[in-house]
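Peer 1: Single-letter residue listing:
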Amino acid sequence: MIKRPSHRFKITITDTTATQTFLEMILLTVFRKTEQETIKILDRKHKICGCYPKEIAEMKVLQVNELSISNKQPINIEMQKEIND
Amino acid sequence: MIKLLSIEVENIINASWVQATENKQEYLLIENILLAMLEDNSIKTILSELEVNVDELKQILEKYLEKEIEHGYHQPPKQTLMFKKILQYLIFHSQQNGNISHPKDLFLAIFNETETMAVITLEDLGLDEQILKEYLQTHDFDERDEQDISKPLKPSKKKQKTTLEQYAINLTLLAKENMLEPVIGRDEEVVRLTQILSRKNKNNPLLVGESGVGKTSCVDKLAQDIVSGNVPKQLQDWEIFSIDVTAMIAGAKFRGDFEKRMKDLLFELEEKENCIAFIDEFHTLFGLGASNSNQLDATNILKPALMNGKIKIMGATTYDEAKKTLDKNKPMSRRFQKVDVCEPDEETTLEIIKGLKPNFESFHNVKYSESILNQIVYLTGKYINDEHFPDKAIDVVDELGAMLKIKNIKKKQITEKMVNDLISKKAKVPVIVKDGNDKIGLSNLESNVKKELFGQDHAIEEVIEKIILARAGLNEENKPLFAYLLAGDSGVGKTELAKQIADNLNMRLIRFDMSELHDEVSINKLIGTSSGYVGYEEGGQLVNEIKKYPHSILLLDEIEKAHPKVLNTFLQVLEESELSSGDNTTAYFNNVGIFFTTNVGSNVTKSVGFGNKSVAKNKSNIAIEKRFTPEFRNRLDGIITFNSLEEKQILQITDKLISDFKKQLLNKNIKFVITKQAKKYLSDEGFDDKLGARPMKRVIQNKIKKPIAKELVLGVLKNGGSVSVSIVKNEIKLEFEGMNDA
Chain A
0 MIKRPSHRFK ITITDTTATQ TFLEMILLTV FRKTEQETIK ILDRKHKICG CYPKEIAEMK
60 VLQVNELSIS NKQPINIEMQ KEIND
Chain B
0 MIKLLSIEVE NIINASWVQA TENKQEYLLI ENILLAMLED NSIKTILSEL EVNVDELKQI
60 LEKYLEKEIE HGYHQPPKQT LMFKKILQYL IFHSQQNGNI SHPKDLFLAI FNETETMAVI
120 TLEDLGLDEQ ILKEYLQTHD FDERDEQDIS KPLKPSKKKQ KTTLEQYAIN LTLLAKENML
180 EPVIGRDEEV VRLTQILSRK NKNNPLLVGE SGVGKTSCVD KLAQDIVSGN VPKQLQDWEI
240 FSIDVTAMIA GAKFRGDFEK RMKDLLFELE EKENCIAFID EFHTLFGLGA SNSNQLDATN
300 ILKPALMNGK IKIMGATTYD EAKKTLDKNK PMSRRFQKVD VCEPDEETTL EIIKGLKPNF
360 ESFHNVKYSE SILNQIVYLT GKYINDEHFP DKAIDVVDEL GAMLKIKNIK KKQITEKMVN
420 DLISKKAKVP VIVKDGNDKI GLSNLESNVK KELFGQDHAI EEVIEKIILA RAGLNEENKP
480 LFAYLLAGDS GVGKTELAKQ IADNLNMRLI RFDMSELHDE VSINKLIGTS SGYVGYEEGG
540 QLVNEIKKYP HSILLLDEIE KAHPKVLNTF LQVLEESELS SGDNTTAYFN NVGIFFTTNV
600 GSNVTKSVGF GNKSVAKNKS NIAIEKRFTP EFRNRLDGII TFNSLEEKQI LQITDKLISD
660 FKKQLLNKNI KFVITKQAKK YLSDEGFDDK LGARPMKRVI QNKIKKPIAK ELVLGVLKNG
720 GSVSVSIVKN EIKLEFEGMN DA
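The listed protein sequences derive, respectively, from chains A and B. Reading the first sequence from the start, the letters are residues 0 to 84 in numbering that gives the first Met the number 0. Reading the second sequence from the start, the letters are residues 0 to 741 in numbering that gives the first Met the number 0.
Since the hints were derived computationally from the structure, they do not count as laboratory data. Note that this is a predicted model, so its numbers are computed, not measured. The C-beta atom is built at its ideal place from N, Cα and C for all residues, glycine as well. Hints may contain errors.
Here are the simulated lysine-lysine pairs, DSBU-like style, with alpha carbons at most 35 angstroms apart [to be verified]: (1) B/Lys77 / A/Lys46; (2) A/Lys32 / B/Lys62; (3) B/Lys83 / A/Lys46; (4) A/Lys80 / B/Lys132; (5) A/Lys80 / B/Lys57; (6) B/Lys77 / A/Lys32; (7) A/Lys53 / B/Lys57; (8) B/Lys424 / B/Lys478; (9) A/Lys9 / B/Lys23; (10) B/Lys524 / B/Lys564; (11) B/Lys647 / B/Lys704; (12) B/Lys271 / B/Lys323; (13) B/Lys416 / B/Lys546; (14) B/Lys427 / B/Lys404; (15) A/Lys9 / A/Lys32; (16) B/Lys302 / B/Lys175; (17) B/Lys83 / A/Lys80; (18) B/Lys498 / B/Lys564; (19) A/Lys71 / B/Lys23; (20) B/Lys77 / A/Lys53; (21) B/Lys450 / B/Lys427; (22) B/Lys732 / B/Lys450; (23) A/Lys9 / B/Lys77.
Partial list, computed: chain B residues near chain A (C-beta under 10 angstroms) [stated by the list, open to error]: (24) Glu30; (25) Glu67; (26) Phe82; (27) Ile119.
Kindly produce the complete structure, drawing on both the sequences and the hints.
Peer 2: Right under this line is the structure:
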């Protein structure tokens, strides 16, 4: 009933020079992905980390940005409204 | 530090945190807050009044928190950015307004963050920011919030009160429930009301009558008649609403609030159909809501409603106010049909009181006998002139009951004496006691006055006879107690008579020197200036005095010196015993005794000489007739000519003055002895054919009082002693003997 994709936000890593291990760490801790999922995501060009409600998505983006700055691993992460298909 | 969040808000935040922890959520979400908020009573009322399905909202939120959010975090939940923003907004808001934030503020703050699940769900259920804001603006919740702490409100489906319910009382409903007091009489007025209400256009009656005659009762009666079906067919199902204008103004904070309420009310009345709006004190609407820049007042809002006849509007006002407001406003008065409500006569008043009797008896727990009610009506009619029937009589009935209740007497029986006392107090006039018990000392009056005033027995007797007549209640109605013209030489005791009568009757003596009123304009001193002139509001001295002391003796000295037009003013006083001042207050002279004094005629007597009294009297009467118009003389109770004083009386007066002085000295411990020769000397010196007995006081003062006073202050008489007065070589001689210190 609550399936309203339009109200969820898609988080994507668009560009990064960060190390593979750092990205893995982020996907595992922040986005709570399994290891297999992590590998799948990192293989793709559009690294989609997940879909969340706006409130949560905001927090996740914030968290990733904080981590990237403290670890000096540049990462460009974006959130955008999920397009319904 | 100033507290910014109310306890309720803190509770909500705590509850949401607990819930998020229990759910092992990673974040503390707005949805948690909304869910926790639903437990708060004030929010519950808001939601139920806005017709939001709380249960459904709760279900959706719980499902969302369960399914859409990740669980299994063991750290305490973190506040999301949005959550922080909302709190910041809340705190900022309360700092700016200087108020503590309440749950309703938190509720409003949630809408700040769009695209959250909370807001989306609320919008789905039909509640958006705009609706909530409007609702909160029109409903002040602060007070109810405070009550909520002690007494939780049940979330009810009760709708918000309509404007009509808020600002009007349904009189027909009250009549149906028997809540209105019974109305006796007033049939004619009610028939006239129904006639006007049945008209096609301009069917708006306006009840006009003095305050207290029962204008509002007429409307009550109409309501009762409608309920009992005692009205023409076309009025049968109508309802009367009494509009509370003050309630409409109360709390109208902004420009236009009042007008909106008024409009809403009229609209609702029109919607409802078959409504009669009753506005008591109709004159208050004039100028209501108007300001310098905006000349539209409440009456202008009424105008369309008055014209189209969909609702009928009844008003009630007094003659005075109608004159001041309605008569000046032609467009308004044209739309109303006046119904005069006259003051009921004594019989009707008695019936009205009898009808109300059971109500007062049960309220005060006393019994009113029929004769008591009779007496109340009779006495209030006679003595209380500035109020109106039936109100003034009902007042007394009520007050008597209250008096007995307070006194806590076991025997709750009202006596005639109590009625007399109360009405005396109210009217400031001693009420005649029927059983002939005279408290005022009428029996001693004559002898008392004669002791002080010599040689004028005929005058004293005539005046006192008239007073006794009036006291017996046999005086003509609407006439002053008495009115006499006292003519006679200067110093024979005209003024003294008035003084003595007032003293002995315990009445106040009001004295006006008419020689001050020598020109036409000076009448303003007595009755005040006409409206518009300076001092108009102060009223006239005479009218004010008589209003203050309606039971008094009025002495108008030397009227022949007053301007003839001034005298004309007194014609109506003598005839109708009332006098109105410029500011429209009326004084009643029913209990005022009037003395005019004059010297006219005295010169004539003198010129005749030879002491022929009857000739002199005739001559002086002719002079008086010449000087005063017949209409003035006719209205007097009589003209009393005072005798000139003769040697015998002069001696009496000297005796009296000396004995008065003796008493004074005795108080200072001084003996006073005077020889007969000395007295004779004083009376010879002190009497003057032209000036009467007045120089006597002066002579005594110069020859005796002054030397004694000197000794009293500076000399031998300091500690008391004695004085003897004798004549030596045709001169007064005073001998002092001091008292030594003991």
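Peer 1: State the violated hints by number, sorted upward, taking the hints as numbered earlier in the document.
Peer 2: none
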